[in-house]
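Novice: Residue-level listing of the chains:
2 protein chains.
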Amino acid sequence: MSVDLQLAPKKKRPAGEPCCEPVVYPDVDRDRALRLATVAKALGDPIRLQLVDVLRKHAGKVCVCELVPLFDIAQPTLSHHLKKLRDAGIVDSERQGLWAYYYVLPGALDDFASWLG
Amino acid sequence: MSVDLQLAPKKKRPAGEPCCEPVVYPDVDRDRALRLATVAKALGDPIRLQLVDVLRKHAGKVCVCELVPLFDIAQPTLSHHLKKLRDAGIVDSERQGLWAYYYVLPGALDDFASWLG
DNA sequence: GGCTTATATCCATGTCGGTCGATCTGCAGT
DNA sequence: ACTGCAGATCGACCGACATGGATATAAGCC
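Chains as they are written, first to last, in our numbering: chain D, 79 to 195; chain X, 79 to 195.
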């Protein structure tokens, strides 16, 4: 787990020259780092990344039954990955009768994208 | 592991209406998804994300001895995280005498940033 | 009601990841 | 050579995660 970043205290150096120029300052506090890392971790699997890619490129909601044949994994595994993405706040789902439709939550990746610059 | 995405085959639906409009097409192939997910996974830890944030904001190379006091973790743990970032191709290090200096590899995050849009 | 289909949940298993203490490697200074 | 320090590696522990088979839930069709 991370902690709130603060300026590095001056420590005695063995020799004359310091190890590096001045200090290092942080811009991202612990909570924001946790939120950003949560999104990154959810995207840290090739299948989930491809899922998000497909959902983003496709305007509107996509039925799970369209997603299953795209990957070489069992259906419960795909459902598991979709749940991970839902828990990370990246996608959401909507049931219509037998089928479930998934879509990327608008702005879900904006914070991460702006951090990347 | 993911597979190459292809168009969803037409499957028989139980009732008349199809489950969703046409089909879904992919833009990211398996190899690119693997590369992007590797970067995302490396950023999927709050400490590593803060590390990258500090290194990016600081022009030039940063000594490890400046990084250690920023976090509430043991030194081997920080070294482990830095190694993860190095293995992911995000940062690199350079030794000068006793000290090691880390820096973000130029363009290491460009592909990921452009995927995010 | 009974059958089929779509999706989610449960469960077991094997692997991966974060953490830290101990230890090792280099380097610098005496 | 000896001592001290910075950083990396090793080993172990433990919890998290990916995977898939079996099962549950839920809705349409006959």
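Hints in this document: simulated from the structure, not taken from any laboratory.
Since the model is a prediction, treat every value here as computed from it, not as a measurement.
Fair warning: there could be bad hints in the mix.
Calculated cross-link-like contacts (lysine-lysine; reagent style BS3-like; alpha-carbon spacing at most 30 Å) [to be verified]: (1) K135(D) <-> K119(D); (2) K162(D) <-> K139(X); (3) K135(X) <-> K119(D); (4) K162(X) <-> K119(X); (5) K119(D) <-> K119(X); (6) K139(X) <-> K135(D); (7) K119(D) <-> K162(X); (8) K135(X) <-> K119(X); (9) K139(D) <-> K119(D); (10) K119(D) <-> K161(X).
Novice: Hint by hint, say whether it matches the structure.
Specialist: Against the structure, the hints:
1. For the suggested pair K135(D) and K119(D), the alpha carbons sit about 21 Å apart, so the restraint of at most 30 Å is met.
2. Taking the CA atoms of K162(D) and K139(X), the gap is about 36 Å. The hint is violated against a cut of 30 Å.
3. Of the supplied pair hints, the one linking K135(X) and K119(D) holds, its CA atoms being roughly 22 Å apart against a limit of 30 Å.
4. Distance check on the hinted pair: K162(X) and K119(X) sit about 10 Å apart at the alpha-carbon level, within 30 Å; holds.
5. With a CA separation close to 5 Å, the supplied pair K119(D) and K119(X) stays within the 30 Å bound.
6. The suggested pairing of K139(X) with K135(D) is violated, with an alpha-carbon distance near 38 Å, which exceeds 30 Å.
7. The straight-line distance between the Cα atoms of K119(D) and K162(X) is roughly 14 Å, inside the 30 Å bound, and the hint therefore holds.
8. This hinted pair checks out: K135(X) and K119(X) have alpha carbons roughly 21 Å apart, not beyond 30 Å.
9. A distance of roughly 23 Å separates the Cα atoms of K139(D) and K119(D); the hinted pair therefore holds under the 30 Å criterion.
10. With a CA separation close to 17 Å, the supplied pair K119(D) and K161(X) stays within the 30 Å bound.
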